[in-house]
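Can you build the whole structure from these sequences, using the hints too?
So the sequences go chain by chain: A and B.
Each residue of the first sequence is one higher than the one before, counting from 71 in this note's numbering.
Each residue of the second sequence is one higher than the one before, counting from 7 in this note's numbering.
Calculated directly from the structure, the hints in this document are not laboratory data.
Some hints could be false.
Taking lysine-lysine and the BS3-like style, the derived pairs with C-alpha atoms no more than 27 Å apart in a straight line are [stated by the list, open to error]:
1. A:Lys202 x B:Lys94
2. A:Lys186 x B:Lys94
3. A:Lys115 x B:Lys9
Since the structure is predicted, the reported quantities are computational estimates derived from the model, not experimental observations.
These are the residues of each chain, in order.
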Amino acid sequence: MSVDAKFIGKEYGPLTYEIGKEKIKEYAKAIKNPDPHYMDDDFAKSTPYGGIIAPPTFAVVYAGMLAEPFFMDPELELNLFMLVHGEQEFEFFEVVKPGDVITSRGTIVNIENKEKLDVVTLEGLSTNQDGKPVCKATFTFVIRK
Amino acid sequence: MPKKNIADVSVGDIFSAAEEVDKYRTVYYAGASGDFNPIHIDPEFGQMVGLGGVILHGLCTFGFMSKTVTDWLGDPGALKDIKCRFAKPVHLGDTITTEATVTAIDGNRVNLDLKVVNQDSAEVLSMASAVAEL
Numbered sequence: 071m072s073v074d075a076k077f078i079g080k081e082y083g084p085l086t087y088e089i090g091k092e093k094i095k096e097y098a099k100a101i102k103n104p105d106p107h108y109m110d111d112d113f114a115k116s117t118p119y120g121g122i123i124a125p126p127t128f129a130v131v132y133a134g135m136l137a138e139p140f141f142m143d144p145e146l147e148l149n150l151f152m153l154v155h156g157e158q159e160f161e162f163f164e165v166v167k168p169g170d171v172i173t174s175r176g177t178i179v180n181i182e183n184k185e186k187l188d189v190v191t192l193e194g195l196s197t198n199q200d201g202k203p204v205c206k207a208t209f210t211f212v213i214r215k
Numbered sequence: 007m008p009k010k011n012i013a014d015v016s017v018g019d020i021f022s023a024a025e026e027v028d029k030y031r032t033v034y035y036a037g038a039s040g041d042f043n044p045i046h047i048d049p050e051f052g053q054m055v056g057l058g059g060v061i062l063h064g065l066c067t068f069g070f071m072s073k074t075v076t077d078w079l080g081d082p083g084a085l086k087d088i089k090c091r092f093a094k095p096v097h098l099g100d101t102i103t104t105e106a107t108v109t110a111i112d113g114n115r116v117n118l119d120l121k122v123v124n125q126d127s128a129e130v131l132s133m134a135s136a137v138a139e140l
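Shown next as structure tokens:
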């Protein structure tokens with residue numbers, strides 16, 4: 071069964087996520103990235119950022135939260151057993167720091183029905199507590215039929 | 007590692023780095039990312055669905071690719087855009103190598119083509135590229 075293209079434009083969220091310093095360190099260790107910008111308070115104080123910052127791809131945590139309401143959307147009826155993550159893009163506008171409160175909104179920007187598969191693109195826009203955009207995340211999922 | 011100076015970057019510059027996918031990587035990544043999909047943490051499930059065991063989270067491989075770029079930049083905040091297609095599953099024990107090539111420089115903007123392969127030279131991420139501002 072195909073994903074109905076009428077759902078282009080459907081929105082998810084807003085979801086909020088408060089950035090924690092220890093969570094940043096945990097994530098940086100998990101991707102084997104001990105960059106002192108993420109791990110070393112003393113070093114980080116000496117940078118133009120004035121303290122620890124999150125790795126750019128920490129967006130998978132705060133923007134990735136949008137995947138849950140999207141996957142679980144009863145209207146979409148996604149076949150999760152046939153779904154794979156096809157493509158990913160992140161655009162970064164501002165660095166993310168501990169204490170930031172990030173609000174993310176998701177929109178289905180494209181649904182393509184092909185012969186053997188559907189391609190669904192979810193775009194997440196995340197802003198910080200000052201209303202500044204920090205990241206645009208584009209998740210493309212492929213669902214085999 | 008200080009921030010790279012744009013004056014020291016030329017079109018055609020190439021750099022690379024490799025990461026080993028150790029036995030417990032998917033467990034660490036599941037905890038840190040919140041992605042507990044059984045294909046990443048349950049070897050029996052991975053066998054059952056024909057993956058030959060657990061596979062690494064695509065976004066963890068994406069993280070390795072990003073690290074190669076941000077290490078070279080010397081400033082994670084200089085990375086402005088990064089993308090890829092997930093081409094092939096990554097298994098425990100694989101070694102993932104990211105090779106980056108500077109393809110264009112426009113003012114302080116640097117475009118990079120990225121090639122991400124496993125130990126058999128098979129592309130695990132394809133159509134990968136990044137943009138940085140130095």
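Results for each hint:
no., hint, in the structure
1, A:Lys202 x B:Lys94, "violated, 36 Å"
2, A:Lys186 x B:Lys94, "holds, 19 Å"
3, A:Lys115 x B:Lys9, "holds, 15 Å"
Violation of the numbered hints given earlier is confined to hint 1; every other hint is satisfied by the structure.
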